[in-house]
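Protein chains: 2
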Amino acid sequence: MAEKVTISVDALGGDNAPQVVLDGVAEALAEDGDLSVILCGPAEVVEPFAASHDRCVARATTEEISMAEHPANAVRKKKDSSIVVGCRLVKEGEAQGFFSAGSTGACLAAGTLVMGRIKGIARPALATLLPSPVKPVVLCDVGANADCKPEYLVQFAEMASIYANKILGIAEPRVGLLNIGEEEEKGSQFAQEAHQLLKEKVPNFAGNAEGRDVLGGEFDVIVCDGFTGNVCLKTIEGTAKMLFKQIKGIMMSSFKTKIGALMLKDGLKGLAASVDPDEAGGAPLLGVKGACIVGHGSSGARAIKNGVLASARYVRSGMTEEIAAIAK
Amino acid sequence: MAEKVTISVDALGGDNAPQVVLDGVAEALAEDGDLSVILCGPAEVVEPFAASHDRCVARATTEEISMAEHPANAVRKKKDSSIVVGCRLVKEGEAQGFFSAGSTGACLAAGTLVMGRIKGIARPALATLLPSPVKPVVLCDVGANADCKPEYLVQFAEMASIYANKILGIAEPRVGLLNIGEEEEKGSQFAQEAHQLLKEKVPNFAGNAEGRDVLGGEFDVIVCDGFTGNVCLKTIEGTAKMLFKQIKGIMMSSFKTKIGALMLKDGLKGLAASVDPDEAGGAPLLGVKGACIVGHGSSGARAIKNGVLASARYVRSGMTEEIAAIAK
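Line order of the protein sequences matches chains A and B. Just add 680 to wherever you are in the first sequence, counting from 1, and you've got this note's numbering. Just add 680 to wherever you are in the second sequence, counting from 1, and you've got this note's numbering.
Think of the hints as simulated: they come from the structure by calculation, not from any bench. Bear in mind the structure is a predicted one, so any value in this text is a computation, not a measurement. Treat each hint with caution, since some may be false.
Stated by the list, open to error - Some but not every residue of chain A turned toward chain B, in silico, with C-beta under 7 Å: (1) A826; (2) E864; (3) S868; (4) L895; (5) K914; (6) L951.
What the hints assert, rightly or not - Under the rule of at most 16 Å between Cα atoms (straight-line distance), these lysine to aspartate or glutamate pairs were calculated in the EDC-like manner: (7) K921(A) <-> E917(B); (8) K938(B) <-> D946(A); (9) K799(B) <-> E1002(B); (10) K815(A) <-> E959(A); (11) K879(B) <-> E862(B); (12) K815(A) <-> E898(A); (13) K938(A) <-> D946(B); (14) K879(A) <-> E864(A); (15) K757(B) <-> E743(B); (16) K866(A) <-> D827(B); (17) K936(B) <-> D946(A); (18) K684(A) <-> D734(A); (19) K928(B) <-> D946(A); (20) K936(A) <-> D946(B); (21) K759(B) <-> E749(B); (22) K829(B) <-> E873(B); (23) K866(B) <-> D827(A); (24) K829(B) <-> D827(A); (25) K881(A) <-> E831(A); (26) K949(A) <-> E959(A); (27) K684(A) <-> E774(A); (28) K866(B) <-> E749(A); (29) K866(A) <-> E749(B); (30) K928(A) <-> D946(B); (31) K759(B) <-> D734(B); (32) K759(A) <-> E749(A); (33) K928(A) <-> D946(A); (34) K829(A) <-> D827(B); (35) K921(B) <-> E917(A).
Claimed, not checked - Now the stretches of chain A that chain B is said to cover, found in silico as 3 or more residues with beta-carbon under 8 Å: (36) 808-814; (37) 915-924; (38) 932-944.
Here a beta-carbon is modelled for each residue, glycine too, at the ideal position from N, C-alpha and C.
Let the hints inform the model, and build the full structure from the sequences given.
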């Protein structure tokens, strides 16, 4: 039996909310018998669902934060929004983790402002497990801190190493710095300073990683400022999506190619799944007091299920306590 | 008949030099009857080749800049290196353009320090024509300026627009700013300031482009600092390479998949060619007095040929004069 965990879930998160959220939560509850969910959202959405599902409690909220709003302002103003309430439940100990596929900016702001930073952590950072058929890699920060000081990257490396350890089971993750050359004197002023600090302070630092090394399998963790990380993440997604679309077009172009496609279907499906961000179950905001996991806006029910289960796994792994221990 | 053009070529540039350079130059000379080449490199390499090829002159040099050297220092010290001599030939009017597949950093330094900046251009920038099956896009800067001021991006946008116009024939290229959100208040301090300047000063500015939009076809030109651009470019290359390798593995995994592969071979070959950086013929350093085009270190003979021909095309297009006109 696993440790009992309660996760608050934003019923309004994502392009296809609330239906896919409800479907995903139902699947997560069915799969993990030690999981409870507090579902945050409009009464008419969350109450009927909670009434008909075991281990699910409704928390009616009256406000919604849209994707277009300024994240920090919205979090400060909309105290009864599903995102703010979900994070407050963690702060108050009713839940141990929060999951949303809603506005990433608002989730990061609420995680930091409402749940609160772990003492000693300068900046919480968004990590993502990049799906790769070669070997998964943790990229951090992918958007919580568009502007960084070089010293933040030391904590990003430490936190992301704990994550790689807990989630991927890697004892000593190889940490790379996302940079534009292999040699330590390469890169922007920022990257050069970050390189020196990582070399000094992070024993498992293994040097610079270039854009082409991100999915190459040489590193387990790659750190960078949140601007560069977000560009890198979305470039990978965009490139893979474009290529798969083109391949599909080629396969459907004639009778002969359709037959060829049938013969390769299983393998290519497996490859598509291996680079599918929905499999990973969302990106954790490392460094806040509890699990705060953000899913893709385009999440379907399976991605929501994986995100809720990943939140429970995060709590059970003791991530928060380990980060607190290194932050002292 | 095309305008007669002389291009100086670095015989030592690239991982497979000098043989692939000689092969590529021979092919370029055969293809373009109005092209002359001044081949720079060790006497024993360049002299026999020039003696046996029309429209090719040898310029013996005694030094070599390796990939590992500090680019600007090497350019200052090694005045008789093939890269410095090649750029000096343009400066002195013996050639109108220079091509090398050698150290990118050294070529950028020699282009800027030896050929010289066009008057009024704050920072020359490296542009690349990103191959995409959807629609090619010019990304600039991809590595000449790891640290930028927001105002540099205005000139990058102007120069890259001229390039897109000349090379892709687009009358009014749609210019995007590489950023981490669509809205103008998104991104780092740098990106927010750059956005405002581009909006004010570049009439064909069309807003922010996210990583996933780079290959999407919505923009003709995407500008950014050279750090972000280099990460983006190499991430695209790495992702495409990884996926093609995986697909190849899937195709070779069984008898059935091998048959399927045969049926899709032509289409997939075309797709691979459409994302092949060798087709583009190298990246121009925009804003210097002459063509200065840098090829991939891994260039084969075909990539060298395309690079030399692209250098001649650059000269004939009048790029340098048009950039000088906007820089005033």
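Checklist entry - Between K866(A) and E749(B), is the straight-line Cα distance small enough, at 16 Å or below? => result holds, 11 Å
Checklist entry - Taking only the CA atoms, is the gap from K866(B) to D827(A) under or equal to 16 Å? => result Holds, because 12 Å separates the two Cα atoms, which is no more than 16 Å.
Next on the checklist: Interface hint check: A826(A), Cβ to nearest Cβ on chain B, cutoff 7 Å. Holds or violated?
Outcome noted: This interface hint holds because 4 Å falls under the 7 Å limit.
Checklist entry - Would the hint on K914(A) stand, with a C-beta cut-off of 7 Å toward chain B? => result holds, 3 Å
Next on the checklist: Can you confirm whether the C-alpha distance between K829(A) and D827(B) stays at or below 16 Å?
Outcome noted: Distance ~15 Å between K829(A) and D827(B) Cα, so the pair holds.
Next on the checklist: Under 7 Å is the threshold here; is the Cβ of S868(A) close enough to any Cβ of chain B for the hint to stand?
Outcome noted: holds, 4 Å
Item to check | Satisfaction of hint between E898(A) and K815(A), Cα-Cα up to 16 Å | outcome: Holds, at roughly 9 Å.
Checklist entry - Is K829(B) within 16 Å of D827(A), Cα to Cα? => result holds, 15 Å
Checklist entry - Taking the closest Cβ pair, is L951(A) under 7 Å from chain B? => result holds, 5 Å
Item to check | Three-residue Cβ test at 8 Å for the coverage of the region 808-814 of chain A by chain B | outcome: Held - the region 808-814 of chain A has 3 residues with a Cβ nearer than 8 Å to chain B, which meets the minimum of three.
Checklist entry - Between K921(A) and E917(B), is the straight-line Cα distance small enough, at 16 Å or below? => result Roughly 14 Å separates the two Cα atoms, so the pair holds.
Checklist entry - Given the proposed pairing of K799(B) with E1002(B), does the C-alpha separation stay at or below 16 Å? => result holds, 12 Å
Comparing the model with each numbered hint stated earlier shows that hints 2 and 31 do not hold.
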